[in-house]
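Here are the chains, one letter per residue:
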Amino acid sequence: MSKCQYDQEIDNYLLDRMTESEKAKFEEHYFNCTACFEKVSERDTIVRVIKSREVLFAPGSAPQGAARSMGWLDRLSEAFSARKLAWAGAAALLLVAVLTLIPLLHRTSPEFVLNGEDTVRGGSITLISPVIDIASTPAFFEWQKIGDDIEYQVSIYKNTLLWKTTTKDNRITLPDEVRKTLTPGVNYSWRVKAFSAEGTLIAVSSRVQFKIKAD
Amino acid sequence: MSKRQDVIDLDEVVAKYRPVISFRVRKSLGSYNPDWEDVVNEILTQAVAKIKSGEFRGESSVGTFIYTITSRRIIDYIRQKTKVLKHIPEPSAFPDPHDSIEAQERSALIAGAIQKLKPKFKEVLYLYYYKEMSRDEVAKELGISPRRVSERVNYALKLIKKQVKK
Numbered sequence: 001m002s003k004c005q006y007d008q009e010i011d012n013y014l015l016d017r018m019t020e021s022e023k024a025k026f027e028e029h030y031f032n033c034t035a036c037f038e039k040v041s042e043r044d045t046i047v048r049v050i051k052s053r054e055v056l057f058a059p060g061s062a063p064q065g066a067a068r069s070m071g072w073l074d075r076l077s078e079a080f081s082a083r084k085l086a087w088a089g090a091a092a093l094l095l096v097a098v099l100t101l102i103p104l105l106h107r108t109s110p111e112f113v114l115n116g117e118d119t120v121r122g123g124s125i126t127l128i129s130p131v132i133d134i135a136s137t138p139a140f141f142e143w144q145k146i147g148d149d150i151e152y153q154v155s156i157y158k159n160t161l162l163w164k165t166t167t168k169d170n171r172i173t174l175p176d177e178v179r180k181t182l183t184p185g186v187n188y189s190w191r192v193k194a195f196s197a198e199g200t201l202i203a204v205s206s207r208v209q210f211k212i213k214a215d
Numbered sequence: 001m002s003k004r005q006d007v008i009d010l011d012e013v014v015a016k017y018r019p020v021i022s023f024r025v026r027k028s029l030g031s032y033n034p035d036w037e038d039v040v041n042e043i044l045t046q047a048v049a050k051i052k053s054g055e056f057r058g059e060s061s062v063g064t065f066i067y068t069i070t071s072r073r074i075i076d077y078i079r080q081k082t083k084v085l086k087h088i089p090e091p092s093a094f095p096d097p098h099d100s101i102e103a104q105e106r107s108a109l110i111a112g113a114i115q116k117l118k119p120k121f122k123e124v125l126y127l128y129y130y131k132e133m134s135r136d137e138v139a140k141e142l143g144i145s146p147r148r149v150s151e152r153v154n155y156a157l158k159l160i161k162k163q164v165k166k
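As given, the protein sequences belong to chains A and B, one line each in that order.
My numbering numbers the first residue of the first sequence as 1 and each following residue consecutively.
My numbering numbers the first residue of the second sequence as 1 and each following residue consecutively.
In case anyone wonders, no lab produced these hints; they're calculated from the structure.
Watch out, some of these pointers could steer you wrong.
Which stretches of chain B does chain A cover? Using the computed rule of at least three CB atoms under 8 Å from a CB of chain A, they are [to be verified]:
id: 1; stretch: 34–41
id: 2; stretch: 71–80
id: 3; stretch: 108–115
id: 4; stretch: 125–132
id: 5; stretch: 154–160
What you are looking at is a predicted structure, and each value in this text was computed from that prediction instead of being measured.
Backbone N, C-alpha and C define an ideal beta-carbon position, used for all residues, glycine too.
Using the sequences and the hints given, assemble the complete structure.
Below, the structure is given as structure tokens:
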């Protein structure tokens, strides 16, 4: 198969243009072929970036090529960049606000970043602590109660799951052996899931990242 | 050549297949969905159990074996969620706020690389990936051959990768 045809196949997969059986065949192949999987995964990352940032395509440099292509970029710029730049501005302001708080912390402390989105399910859970102002390695984790007779499942992650526990209370104390493993300078995150008495998942919190400042 | 089950290194299997399973699971569940990591771990647990118990004997390749478990688990998950939510869970759109910091940095580098591309490369990427036009449609829009469209897209991707790897 020529390189060009193969690339076309990856694009068809990533842009959801394959039939179910074509997809299955393609997927089975990349489960068996590391080189192909890397190609697919790399291209997927780039395509995701392209799809998430229309503002990239506003004209920045001097016009080149046919007048027709400038027309595309011009239209784009009008349609999107003002709005997107406003959002980017708001996000930048928020970031500045967060960053100015950090010098106010005098001791070693983890930086907590709320990753925003609540989840797709009906309810969400507000995480109370640890959030931004923390003096040392968190001894306990606390969140907002959402009802009676709820079982909460708390998960703490590095890249993968580090530790998980369940409780009916709305806080947990970290056992010493887990506390000891938390290293400064490493990214961690945690989240809470709430289950009803029957075991149905009813709410999930955002996954909050934290990092203990290295000395 | 298929591996006999007593020759399979379980730690190696887990390490080797976690990325591809994660990729496949996130594609179906969407990265907004916090369950994806648990599902990946369940798949790996199941695979390891089947290898240990001898249920997998190396009659197919390990990749196919893992792929089969992965597909089935994803189908089960969606079926389960459809019952609770009364509709099929939507895979996430972009971007992904639950990405690790490293992944977010990588995305930022890619965005920077795209920003630096000449307009002719930006425009094919925009039409082909963002607007999801077909190769022929893009060709018609820009007044170039379909083959030239592919060449330009692939070259743009190559430039991006080169820039990011620096």
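Quick one: which hint numbers does this structure break? Sort them smallest to largest. Result: hint 2 breaks, nothing else.
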